[in-house]
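Chemist: One-letter residues, chain by chain:
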Amino acid sequence: MKRYLLATVIFCSALVWGCKENNTTAPDLGFIEVNPRTAAVTIPYDDFVSGFQVYGGYGSAADFGRGVVALDFAGANVRALMKIEDLPTSADVVGSDGVSRTDSDLSFVGGRVVLSFDTIDGTLNVPVGIEVFGVVEEWHGPTATWDVAVDTAGDRRDWTQLGGGALNSLGAGTYAAFSDQQFDPELPLLDTLSISVDSAAVAGFLNPGGGSTGFLLAATFSGTSVNVVDLKLVLNTVPSTQPDTVVELSVGTDDVTFIIEGVPPAPVGWLRVGGTPSWRSVISLTIPSTVDGTVDLCGAVGCQVDLREVDLNLAELVLTTRQPQSGFQPQDTTVLDLRRVLNPELLPKSPLGSVLLPAATIVPPALFSTDVGAEVSFTVTRFVREVLEVAAETGSVPDASLVLLSLLEPSDIGFASFAGSGGVGAPELRLLFTVANEVGLP
Amino acid sequence: MMNRSLLLALVMIVPSPVSGQSVLGSSGLGLRIEPLDAVQRALGGVGVATRTPTILPGNAIASLDILAPTVAFTVQPHWGTYEVDSEQGDFSATRFPVLGFAYPLGTNGVVTVTAGSRFDQNWSVESQDSVDVGGQRVGLTDTFLSDGAVATIQVGWARRWSTTLAMGTTLGVNRGGLTRTFTRSFETTVDSVPLVSPVEGFTSTGRWHHSGPLASLNLAWDPSSVLQVGATVAWSGRIKLNPAEGTDGMSRGVSAPIEFKVSTTAVLSPTLAVNAGAATSNWTDLGEPGLDAASGGRVTTFGAGVEWEVTNFWAGGFPLRAGFRRSQLPFRFLNNKVKENTVSFGFSVIMAQALGLPLAALDLAVEVGSRDAGSFKERFRRLTVSVRVGGQ
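Residue numbers (our numbering), protein chains in the order written: chain A, 1 to 442; chain B, 1 to 392.
If we strip away everything but chain A, and leave its shape as in the complex, we get:
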């Protein structure tokens, strides 16, 4: 009996597990009784924005970790500032007996500055003239700008001359990334440039009273721009123990930044995001609790739809691109982030909320040059839903502020620019919501 039962159980179990559930999904034959209607409404600027502010100064060019050199490149003039490590005072020299000895009586007879370039970004298809200057005024990397050499707490000093102060030219050269490929297309792009400096310039660096505070690199060909990723000062020295020998000593950099000519002041009437140092735009919102219903929802008579009672499917903040000032158009994609301002009274230093966007918004540079006037939308469904939930509980819609910022600050000399209040292209809030009857019994 037990065997029979076991066989039956196995048979029935196989029957059950082998039979997959497959629901009929018939076409709608009139059984979707809830009358669902999804409506899209666009709330104009004046109905949901109570104001906006643009704040600058987030981050520093020194955070880039590389120098930028440009001359009248899309209108921008940029110079790189670099400090070098301490100069060597001795060298290990191998004598004729093959033994290495430290020689601290060195005679410097000249040298060269070796620049390494980024071979991805910049005007690599044309030769770029580079001039190397010695900087004699004291400067502070994180705060130096075209106008100001030092801007720390209680200490602000302008350059005696804009753009790096009084400068001593040390030498010049031309960087041509494709020069080697003219002879052999298989060769990689050239990424270094060596500029010779004479012994007098080297002596200036060595003399503590010489006042040298670093190098300034400037472009000499108009319309060019390159990124300098590294600078090395290679010194030629003659040791006292081996006067017929020239020894090369390499000195690296320990402070790199760049200064930009003519950074525009904070805009009035439009939004700015990104740049170096970075800009942020804060939009203060007062989302209406009701909007005009569509014909689908209200018929021809019209009605007001209470947003606190609908199911929100999508909320987008829609901005329209505009052309930034000359010289400050983004050269690369701008990656934008949107967050809630947690304490607007503390702006520009208010803490920010968590990421609102499902993914960072990537805006191509063309939208700020050839394709200005394009719409860029930011998904704020979760944010608007939270605001409306609070409104449903309290009876009034709370004010809230959002900040639009670059995901990396800074990430580009250029900045994103969007139309502001009034007129064509002013920010809009696009909502998509669904209204349906309650699910009931037939």
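One thing to keep in mind: the hints can contain errors.
Claimed, not checked - Cβ pair distances, simulated, as ranges:
id	chain 1	residue 1	chain 2	residue 2	range
1	A	GLY395	B	GLN88	30 to 40 angstroms
2	A	THR42	B	GLY139	12 to 22 angstroms
3	A	THR42	B	GLY374	52 to 62 angstroms
4	A	THR192	B	GLY139	48 to 58 angstroms
Said to hold, decoys possible - Sample of chain A residues with no beta-carbon within 12 angstroms of chain B, all distances over it, derived:
id	residue
5	LYS83
6	SER90
7	GLY98
8	THR143
9	ASP184
10	LEU190
11	SER196
12	PRO243
13	GLY262
14	ALA300
15	VAL318
16	PRO358
17	ALA419
To be verified - Selected chain B positions facing chain A (Cβ under 7 angstroms, derived; list incomplete):
id	residue
18	ARG180
19	GLU200
20	ILE258
I should point out that these hints are in silico values taken from the structure, not numbers from a laboratory. Just so it is clear, the structure is predicted and the values come from calculations on it, not from any experiment. Just so it is clear, CB atoms sit at the ideal spot from N, CA and C, and this is done for glycine as well.
Could you slot chain B onto chain A? The hints should help.
Modeler: Showing chain B alone in chain A's frame:
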């Protein structure tokens, strides 16, 4: 050991959900799923006792000839296709329409505990559309999913009053639950390009519980040695549909009608019997205007079959069965009455028997059928396997 094996059998079977998949279940209380075992299915029966002792919800007399405490369960996979206008599709599922236990009280009485299916409300429909989002047409899909069922739990008692007359009764409750969900979901791409701003979907759900009493009276009479007559009157009280917490709306009640069933078996020879039966109930005036509009009015079921014990196999006889059945369903679909027709074939394998009566058996029925409601047509195949196991 026997009890442990039975427990194992139940544990392995019960966890799968009870569900049916016909969109016909969208009407009224759902698609009627009669609690019939493989013997009834094979003979085109209507749920009244036949020659084979078995356990049937709502009919305690069917278990009178059971010699030992017996557990029975029925597994019913089915596969089907539907067609409405130019649309067509398929469905499949497994149901468990009968689960029961019978305990003999001497040789003339029995008590039963049964669980049986009654209505299936498992169906879904969907439609597609699109909506303009910032100048782009974003596709959307509306789905309405109904997931639920009404089942019965009954306790029965039957007694043989003479060699030709037996009477029984059952008492029980209708129990069930229903979840209806509407979902609007939006495409995440437009022309295969992912949307920058994904559109979140919309969902609305309602939940209800079913409850209500039911009872039946059963009669079996053998007017002659070749003729057996059985009858059942099944009464159902008001089936209440109470909204679950979080669901708006009032409680509703459906006055399900009394159902009359009669069946007769003619034993033409010791190995050959013919069975015929009919059932009728009037589904008008259910007390709910919404359901009255979908009422199928008076619905009737006819069925007939033949059983031929052709040989012996394993521990007992090997009855072959064939039958047909024609029935109307209680609720209209798209304003059309729903008719179901089946032809069936089946057999039993007796795994153990005593005194000529089976202690353990496996019954099997295969049905091929159709349901029609105007332009809506379903074709289905239904396999029913019942297992009866008894012992001390």
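Chemist: Taking the hints in turn, state whether each one holds.
Modeler: Do the hints match the structure? See the list:
| no. | hint | verdict |
| --- | --- | --- |
| 1 | GLY395(A) <-> GLN88(B): 30 to 40 angstroms | violated, 52 angstroms |
| 2 | THR42(A) <-> GLY139(B): 12 to 22 angstroms | holds, 21 angstroms |
| 3 | THR42(A) <-> GLY374(B): 52 to 62 angstroms | violated, 45 angstroms |
| 4 | THR192(A) <-> GLY139(B): 48 to 58 angstroms | holds, 55 angstroms |
| 5 | LYS83 | holds, 44 angstroms |
| 6 | SER90 | holds, 61 angstroms |
| 7 | GLY98 | holds, 68 angstroms |
| 8 | THR143 | holds, 38 angstroms |
| 9 | ASP184 | holds, 42 angstroms |
| 10 | LEU190 | holds, 40 angstroms |
| 11 | SER196 | holds, 53 angstroms |
| 12 | PRO243 | holds, 70 angstroms |
| 13 | GLY262 | holds, 34 angstroms |
| 14 | ALA300 | holds, 20 angstroms |
| 15 | VAL318 | violated, 7 angstroms |
| 16 | PRO358 | violated, 7 angstroms |
| 17 | ALA419 | holds, 17 angstroms |
| 18 | ARG180 | holds, 5 angstroms |
| 19 | GLU200 | holds, 5 angstroms |
| 20 | ILE258 | violated, 23 angstroms |
When held up to the earlier numbered hints, the structure conflicts with 1, 3, 15, 16 and 20 and fits the remainder.
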